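Each chain, letter by letter, is given below.
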Amino acid sequence: MLAYAIRRTLQFIPTILGVTLIVFLLLNVLPGNAALTALAESDRGLDPKYVESMKQLWGLDKPLHLRYADYMLKLVQGDLGKSFLRRDPVNRLVVERIGPSLRLAVAAMLIALCLGIPLGFFSALKQGSWLDTASMIGAVSGVSMPQFWLGLLLMYLMAVSLPLLPTSGYGDGSVRHLLLPAFTLGVSYMALLARTTRAAVVEILSADYIRTARAKGLAELFINRKHVLRNALILVLTTAGLQFGALMGNTVVVEKLFSWPGVGSLLVDSIFQRDIPVTQGCVLLLIFSFLIINLAVDILYALIDPRIEYR
Amino acid sequence: MNTLRKLFRTRTNILVGGLIVGLMSLIALFAPFLAPYHPIDDANLMFAQEPPSRQFFFGTDSQGRDILSRIIYGARISLSVGLISQGLNSLIGIILGLTAGFFGRWWDDLVMGLTNIMLSVPSLIFALAIVALLGPGLMNVFMALGFTNWSYSCRITRSQVLSARSLEYVQAARALGYGRFRLMFTQILPNILGPIMVIGTLGVAGAILLEASLSFLGLGVQPPTPSWGSMLSQARDQLFTAPWVSIFPGVAIFLTVLGLNLLGDGLRDALDPYTTRTRR
Numbered sequence: 001m002l003a004y005a006i007r008r009t010l011q012f013i014p015t016i017l018g019v020t021l022i023v024f025l026l027l028n029v030l031p032g033n034a035a036l037t038a039l040a041e042s043d044r045g046l047d048p049k050y051v052e053s054m055k056q057l058w059g060l061d062k063p064l065h066l067r068y069a070d071y072m073l074k075l076v077q078g079d080l081g082k083s084f085l086r087r088d089p090v091n092r093l094v095v096e097r098i099g100p101s102l103r104l105a106v107a108a109m110l111i112a113l114c115l116g117i118p119l120g121f122f123s124a125l126k127q128g129s130w131l132d133t134a135s136m137i138g139a140v141s142g143v144s145m146p147q148f149w150l151g152l153l154l155m156y157l158m159a160v161s162l163p164l165l166p167t168s169g170y171g172d173g174s175v176r177h178l179l180l181p182a183f184t185l186g187v188s189y190m191a192l193l194a195r196t197t198r199a200a201v202v203e204i205l206s207a208d209y210i211r212t213a214r215a216k217g218l219a220e221l222f223i224n225r226k227h228v229l230r231n232a233l234i235l236v237l238t239t240a241g242l243q244f245g246a247l248m249g250n251t252v253v254v255e256k257l258f259s260w261p262g263v264g265s266l267l268v269d270s271i272f273q274r275d276i277p278v279t280q281g282c283v284l285l286l287i288f289s290f291l292i293i294n295l296a297v298d299i300l301y302a303l304i305d306p307r308i309e310y311r
Numbered sequence: 001m002n003t004l005r006k007l008f009r010t011r012t013n014i015l016v017g018g019l020i021v022g023l024m025s026l027i028a029l030f031a032p033f034l035a036p037y038h039p040i041d042d043a044n045l046m047f048a049q050e051p052p053s054r055q056f057f058f059g060t061d062s063q064g065r066d067i068l069s070r071i072i073y074g075a076r077i078s079l080s081v082g083l084i085s086q087g088l089n090s091l092i093g094i095i096l097g098l099t100a101g102f103f104g105r106w107w108d109d110l111v112m113g114l115t116n117i118m119l120s121v122p123s124l125i126f127a128l129a130i131v132a133l134l135g136p137g138l139m140n141v142f143m144a145l146g147f148t149n150w151s152y153s154c155r156i157t158r159s160q161v162l163s164a165r166s167l168e169y170v171q172a173a174r175a176l177g178y179g180r181f182r183l184m185f186t187q188i189l190p191n192i193l194g195p196i197m198v199i200g201t202l203g204v205a206g207a208i209l210l211e212a213s214l215s216f217l218g219l220g221v222q223p224p225t226p227s228w229g230s231m232l233s234q235a236r237d238q239l240f241t242a243p244w245v246s247i248f249p250g251v252a253i254f255l256t257v258l259g260l261n262l263l264g265d266g267l268r269d270a271l272d273p274y275t276t277r278t279r280r
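From first to last, the protein sequence lines are chains A and B. Residue numbering for the first sequence follows my numbering, beginning at 1 and increasing consecutively. Residue numbering for the second sequence follows my numbering, beginning at 1 and increasing consecutively.
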């Protein structure tokens, strides 16, 4: 088991290297060279000597491979560089945004798990019933709905026409402020989870061991709880884990809509301000969290499911 | 009984999905004839934030432009972004997947490595990184979305090629002396198009949603061009005074994406022999 975990972690390294290389190339090398453009724009009409000295200050005068080495060396030490605009270390800017982002993502995932799994489970048990039809229509709609639109509608309903909840902002970080953005972010995942759960349960219901369980006279309720739910959960939790990673990426739009002070809104602001180190830091952070969650899910999956061989 | 129901469900998915997508395409094609006003030039501050009425079916925005007309023209932006960028994705994915599955060895390793890296980056984040480099604008949105989501097409093409490669008709063609590229493009590709089409249809839906998100963030299609996403980006500030600004463009996005998703799901069910299997 440990060997499996270690090997899986080692396989993770080339992916990390690839991702960092792509992000570096995208933001530093391709035509336009975002960093130089930012400099040229902000220092328009200034002395070329000043531009030259700025280039030196930010290390933009060095050849590409040296810059990449520099960037990787710092990255390994957990240093994301300095903001062009605010001259603050990117680490500090980013770290204070992680908490709110994580809170939002976890709350959204909890909402999705608590509603999506039971919905999918009961629709599969009662195939063709009104519950099944309604929840599957809901699932397709939930996947097709743009999150920011759902957010706007919820905001109108819960904050404007019935002023129950605050429209936006982090406030004191209380649940009241968290509820609307978390639900908005959670709905499409709830829909996906309901679909996955339903598909998994339908498949399991036709498995041989379920027929055996029925044949030996076990009560339906017992079969559903012991055999169906447990086996379905293995499948569903994998999807749920992978989706949690994707959720971190998708917080961007919801954070922006609800003025939530997370990594996503920092990312969007930094793109508007052409603050490349901050953009790079946010992108890397979001991708890393996605990758790390995927890795953890993979290892957990092997732990839960005895059928996976750890070779 | 169950088979019948499944068949019916599949058919309704394709039918309803196809109907919505067809309707949206017609609206996009005939926008100049259908729109009662010009989407950009007919701005009249005298009529700013008018609620829905007989004169303006969906109301007007803060600059007094007719929302219905802007939605009708917006269909052109959304559908062209969806089709063009997903076209690019499919093209990249098919070429890489075909060659990787067919040639194998180091090329396969390389392509699959790249695919796994792409899959490990959430597409919105990747698109944002490209926009950060290129700047906002319609052309850049095509690029940002056209290079983000090819990994799904690539993976499905490759796996289909791997299973088709050893089938008899391919072996027969090989025995007849077909060259590699003729084999790939005239024998294998036409026979694996089904799953690729399914991924493509769902990909168009995904691209439309992504464009809407980018434009909503202000990093996609720029005003005054009527894009459904950018129409919603100013809606939040008008939620108290003009809630209709928030509603109708979202309905348009939702219906279009829903139609494409239904179509994609229906096609998948229709093509997949396993889904018609009955339970119990």
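Possibly wrong hints are sitting among the right ones.
[As the list claims (entries may be wrong)] Now the stretches of chain A that chain B is said to cover, found in silico as 3 or more residues with beta-carbon under 8 Å: (1) 15-24; (2) 88-100; (3) 256-268; (4) 288-295.
[Claimed, not checked] Just the calculated beta-carbon pair ranges, DEER-fashion: (5) A:73 x B:159: 17 to 25 Å; (6) A:74 x B:116: 21 to 29 Å; (7) A:220 x B:107: 46 to 54 Å; (8) B:251 x A:288: 36 to 44 Å; (9) A:272 x B:49: 23 to 31 Å; (10) B:159 x A:296: 22 to 30 Å; (11) A:207 x B:169: 31 to 39 Å; (12) A:114 x B:178: 52 to 60 Å.
To be clear, the hints were calculated from the coordinates, so they are not data collected in a lab. Quick caveat, the model's predicted, so the values are computed rather than measured. Here a beta-carbon is modelled for each residue, glycine too, at the ideal position from N, C-alpha and C.
Which numbered hints are broken by the structure, listed smallest first?
Of the numbered hints, 2, 5 do not hold.
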